[in-house]
Amino acid sequence: MPQHLEARVIEKRVAIVTGASRGIGRAIAERLAKDGRHVVLVARSAEGLAATDAAIKAAGGSCEVRPCDIANSADVQQLVDGVAETHGRLDILVNNAGITRDTLLLRMTDEQWDEVLNVNLRSVFVACRAALRPMMRGKFGRIVNIGSVSGLSGNAGQANYAAAKAALVGFTKTVAKEMGAKNITANVVAPGFIETDMTDILGDAVKTAVLPNIPVRRFGKPEEIAAAVAYATSDEAGFFTAQTIVVDGGMAA
Amino acid sequence: MSASLSESEIEAKVVEAIADQLGVARTDVTRASEFDKICDSLDKAELMMEFEDLFEISITDEAASKLTTVADAIEFIQRTLAGGR
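Those protein sequences? They're chains E and F, same order as listed.
Quick note: the first sequence uses my numbering, first residue 1, plus one each step.
Quick note: the second sequence uses my numbering, first residue 254, plus one each step.
Next up, chain E with everything else stripped away, as it sits in the complex:
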């Protein structure tokens, strides 16, 4: 029997979710656990993940905590290798972790640009590259990279963030084309305005200005993004690849 099958020690599909301590990442982690996946919760600190960890376990789900600074490529590589080694498999990768360093382009520093591109784009490249090996061995892979309507439409104050999120689309389509024959799919889920800490910092004036542009007339819920990720990472989504699913209440259409 091939080595990789002997090494498979867990029956559930194993999913890595980055940025799982709060907001959209937490909702995705909880949903995937509810759907029967063993979820590896990733964020910078273990403390930050404690609440997600407890919530999943209280609901009868299976998960573990793995702190990782995704700004550090070596750490990301080690994270993915470690998960594949421990469980003998890696089936699902959700690259959700991201940061914003918003300011008008006129005022944007090289550091603000580099930091956002490094965390939001480079880490995804490293994580996907590392994930392909265990996914090829398992003859199954579902990759979802969390984009943003900013990357599709642009957004004042987010030149760095929009550039990184737009780049994810081309990157993800390429992964899909390279790996299509190996039962590994790759898609982008691009949220619009969702009720999270990231959008809480927006002033009421901004929120009021945004609402008329959302046909559904409200901000989305993290669970509504998680539902799209749940489908894209499901076994039945094998023919669904190289797509960008926009979950934004109709805003960017």
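Just so you know, the hints here were simulated from the structure itself, not pulled from any lab data.
Note that the Cβ used here is the ideal one computed from N, Cα and C, for glycine as well.
Taking CB as the label site, the calculated pair distances span:
id : chain 1 : residue 1 : chain 2 : residue 2 : range
1  : F       : R279      : E       : S73       : 35 to 45 Å
2  : F       : K319      : E       : N72       : 30 to 40 Å
3  : E       : N72       : F       : E309      : 26 to 36 Å
4  : F       : S318      : E       : F240      : 26 to 36 Å
5  : E       : A55       : F       : T280      : 51 to 61 Å
6  : E       : T103      : F       : D289      : 47 to 57 Å
7  : F       : E287      : E       : D69       : 40 to 50 Å
8  : F       : L295      : E       : F240      : 14 to 24 Å
9  : E       : E236      : F       : A285      : 34 to 44 Å
10 : F       : D325      : E       : E47       : 48 to 58 Å
11 : E       : D204      : F       : L295      : 49 to 59 Å
12 : E       : V210      : F       : I310      : 50 to 60 Å
13 : F       : K319      : E       : D235      : 37 to 47 Å
14 : E       : Q77       : F       : A316      : 16 to 26 Å
For chain E, the structure is supplied; the task is to place chain F on it using the hints.
Then chain F, alone, in the frame of chain E:
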């Protein structure tokens, strides 16, 4: 995997891995078979990965690019196993 594998044992394992991977009969894979003719670049990359696992060796992209035929791969694996211990 031990370093004491004979060349014919290595060959048998390599041929088996290729046949399994490509879904062809073992008799269709010979030492003279060229990777570029029997599989695409992704299959070749996956095969290199399979050899790495099978023989517990490391095959860099540069080394892999020089492996044209099945015989090249067998010789490379044999050399690596002999020299690496």
